[in-house]
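**Q** Listed here are the chains, written in short residue letters.
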Amino acid sequence: MSWRSAFLLQARSDYDTREILNTQRVEYCHQLHYLQMASEKLAKGFLTPVASTEPPKMTHAAFVRCLQVIKGRPDIRRALNFSSTQTFSQFVDSLLPLAEQVQRLAPSYAGIRGPNPEYPWQAATHGAVTAPAEFDLPQFDSQSSQMNKLVRLVRDLLRVVS
Amino acid sequence: MTQTNGSHLGMKEIERQARLLARENRLAEPAITKVYWFPDEHEVRLVEVDTMVPPSGDGEVHPFYFRPSPQDDLPSPSGVALISPDEDRRAALPEGWGTWNDARELENEG
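So the protein sequences, as listed, match chains U and F. If you read the first sequence in my numbering, its first letter stands for residue 1, the second for the next number, and so on. If you read the second sequence in my numbering, its first letter stands for residue 1, the second for the next number, and so on.
Don't read these hints as lab results, they were simulated from the structure. Note that the structure is a prediction, hence the values are computed from the model and not measured. Careful: at least some of the hints might be erroneous.
Covered stretches of chain F (chain U as the covering partner; in silico rule of three or more C-beta atoms under 8 Å from a C-beta of chain U) [as the list claims (entries may be wrong)]: (1) 11-25; (2) 54-66; (3) 82-88.
Short, incomplete list of chain F residues facing chain U, as computed with Cβ under 7 Å [unchecked claim]: (4) ALA28; (5) GLU95; (6) THR99.
The following label-pair restraints were derived from C-beta to C-beta distances [what the hints assert, rightly or not]: (7) F:ARG16 / U:LYS149: 30 to 36 Å; (8) U:ASN148 / F:THR99: 30 to 36 Å; (9) U:SER84 / F:ARG67: 19 to 25 Å; (10) U:GLU100 / F:GLU60: 19 to 25 Å; (11) F:ASN101 / U:SER144: 17 to 23 Å; (12) U:LYS149 / F:PRO30: 48 to 54 Å.
Where a beta carbon is used, it is the ideal one built from N, C-alpha and C, also for glycine.
Same shape as in the complex, but just chain U:
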């Protein structure tokens, strides 16, 4: 299996796991964790040349940059059923701030001072330690229109990329 295929296969598995968790009564942080991992591996799949025998180098900021490149792709736009370049780019642009927040959920970004879906953190202001399982991560409201659009975009990109 190529590195590209391996990253994309794992990204699909991460996304599918997120979907399973979405139907279970488990803490929301786990869904977010799998969404962050799926989006990161999706971007790393795109970063890997088809025939490459090396894994991709870029380890951070890949998801947002990937979306910024994708919004100018006629092949992806058609595959996702958008009628015009402008419509598709506006749609992707509207999701970039949330995509950046998802990207920053990676522990390498959040560190031990910021909310993330995987590891406990200590607030810089008051010193309280919080576990992800007891925190709502309100900026990622699962009921919000933007969150649902971003999740669907990740799902659809995983469907069309190879």
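Given chain U, put chain F in place with the hints provided.
**A** Relative to chain U, chain F alone:
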């Protein structure tokens, strides 16, 4: 002779696709100020200067790669990277892409 003509036609076709993608990308993102094409006979290779993106952080150009899509008039594979203005002609190019001196800037045809 045939091979020479074939290569020539191949590069012309790659350039056509490079220009098509450059147009589409500029339409999608007006903050793209320059598009560099790195000629290759088999793959479309673009580096685009975008005032909205931050530097990569490691001084390297990181293209995203796409398979051919003949139904979208893109029969060749492509690699497209966005860089910040600070990285213009400075960031290290991917292996096999040549040097910045090999780049041809594609004018805005919009």
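**Q** Of the hints given before, which are not true for this structure?
**A** 3, 5, 6, 8, 11 and 12
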